[in-house]
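Enquirer: Here the protein sequences come in this chain order: A and B. Take the first sequence: its letter number 68 is residue 68 in our numbering, and every next letter is one higher. Take the second sequence: its letter number 91 is residue 91 in our numbering, and every next letter is one higher.
Because the hints were derived from the structure by calculation, they are not lab data. It is possible that part of the hints are untrue.
[As the list claims (entries may be wrong)] Subject to a maximum C-alpha distance of 25 Å in a straight line, what follows is the list of computed BS3-like cross-link-like pairs (lysine-lysine):
no., chain 1, residue 1, chain 2, residue 2
1, B, LYS68, B, LYS112
2, A, LYS101, B, LYS58
3, B, LYS57, B, LYS71
4, B, LYS42, A, LYS13
5, A, LYS101, B, LYS42
6, B, LYS57, B, LYS37
7, A, LYS101, B, LYS68
8, B, LYS22, B, LYS58
9, B, LYS22, A, LYS101
10, B, LYS58, B, LYS112
11, B, LYS71, B, LYS42
12, B, LYS37, A, LYS101
13, A, LYS101, B, LYS57
14, B, LYS42, B, LYS22
15, A, LYS57, A, LYS101
16, B, LYS112, B, LYS71
17, B, LYS71, A, LYS101
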Amino acid sequence: KAGVTQTPRYLIKTRGQQVTLSCSPISGHRSVSWYQQTPGQGLQFLFEYFSETQRNKGNFPGRFSGRQFSNSRSEMNVSTLELGDSALYLCASSLGQGEEKLFFGSGTQLSVL
Amino acid sequence: GENVEQHPSTLSVQEGDSAVIKCTYSDSASNYFPWYKQELGKGPQLIIDIRSNVGEKKDQRIAVTLNKTAKHFSLHITETQPEDSAVYFCAAETRSPNNDMRFGAGTRLTVKP
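Please take these sequences and the hints and turn them into a complete structure.
Expert: Take a look at the structure:
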């Protein structure tokens with residue numbers, strides 16, 4: 001069974017640009033959650049999608065958005081990039097029934113210059 | 001919302017010794033408490049989890065204890081090995097079925113041979 005796949009693995013952008021990250025969950029998983037990981041802030045919850053609907057959202061500005069497709073694949077978009085957006089962005093999938101293990105991808109390392 | 005605190009931030013032990021990592025949480029409604037291990041260049045991987053109706057759970061050299069009254073839970077690793085060196089994260093989930101996992105800041109464990 002293939003794991004969670006995130007693409008691209010690395011990204012370099014400049015301030016003001018926008019970026020789209022992709023996540024393919026484990027087959028059969030309907031929930032996809034996104035996290036931002038930085039050395040200073042740890043793992044911060046961005047949002048969760050289930051059956052193409054955003055079911056939960058963390059405390060991030062509106063520049064961070066996402067969506068989920070009918071095949072459960074998800075994309076995350078960050079507009080008007082800032083230096084502080086440099087981080088490892090992790091995607092995790094699960095069945096979506098709550099109180100269950102999350103399966104993480106290896107992440108996309110975003111550097112904003 | 002939920003707030004998870006984790007201590008210590010770094011831990012160094014000799015091979016064969018035990019390691020203990022402690023976490024506290026704020027939301028008494030939290031019911032699910034997983035522990036994740038993150039190795040360099042990889043996403044976090046679940047190593048053990050516990051639910052609020054259980055006080056202790058063990059899996060070979062790893063054990064987790066939960067004190068719901070005091071709102072704290074701990075990870076115990078016995079007979080540590082160099083391959084246990086990694087960053088460990090505790091987490092707490094409050095809402096079900098929404099996936100809203102809140103993570104501690106992480107503990108970098110180093111096992112010296």
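Enquirer: Could you run down the list of hints and mark each one as holding or not?
Expert: Each hint, compared with the structure:
For the given pair, LYS68 (chain B) sits about 33 Å from LYS112 (chain B) by alpha-carbon distance, which is inconsistent with the 25 Å threshold. Annotation: proposed proximity of LYS101 (chain A) to LYS58 (chain B) holds, straight-line Cα distance about 17 Å (limit 25 Å). A C-alpha spacing of about 16 Å is found between LYS57 (chain B) and LYS71 (chain B), which places the hinted pair at or below 25 Å, so the restraint holds. With a CA separation close to 22 Å, the supplied pair LYS42 (chain B) and LYS13 (chain A) stays within the 25 Å bound.
A hinted pair counts as satisfied when its Cα atoms are at most 25 Å apart, and LYS101 (chain A) with LYS42 (chain B) qualifies at roughly 17 Å. Using a Cα cut-off of 25 Å, the hinted pair LYS57 (chain B) and LYS37 (chain B) holds, with the two alpha carbons roughly 17 Å apart. The suggested pairing of LYS101 (chain A) with LYS68 (chain B) holds, with an alpha-carbon distance near 20 Å, which does not exceed 25 Å. The straight-line distance between the Cα atoms of LYS22 (chain B) and LYS58 (chain B) is roughly 16 Å, inside the 25 Å bound, and the hint therefore holds.
For the hint linking LYS22 (chain B) to LYS101 (chain A), the alpha-carbon distance of about 20 Å falls within 25 Å, and the restraint holds. With a C-alpha separation of about 24 Å, the suggested pair LYS58 (chain B) and LYS112 (chain B) falls inside the 25 Å cut-off, and the hint holds. Between LYS71 (chain B) and LYS42 (chain B), the direct Cα distance comes to roughly 30 Å. Violation of the 25 Å bound is thereby established for this hinted pair. Between LYS37 (chain B) and LYS101 (chain A) the CA atoms are separated by roughly 13 Å; this keeps the pair inside 25 Å, and the hint holds.
Taken as a hint, the LYS101 (chain A) and LYS57 (chain B) pair is honoured in the structure, with Cα atoms around 16 Å apart against an allowance of 25 Å. Pair hint LYS42 (chain B) plus LYS22 (chain B) holds up; C-alpha atoms about 23 Å apart against a cutoff of 25 Å. Taking the CA atoms of LYS57 (chain A) and LYS101 (chain A), the gap is near 19 Å; set against the 25 Å cutoff, the hint holds. For the proposed pair LYS112 (chain B) and LYS71 (chain B), the alpha carbon gap of about 32 Å is over 25 Å, so the pair is violated.
This hinted pair checks out: LYS71 (chain B) and LYS101 (chain A) have alpha carbons roughly 21 Å apart, not beyond 25 Å.
Hint compliance for this structure: hints 1, 11 and 16 are not met, and every other hint is.
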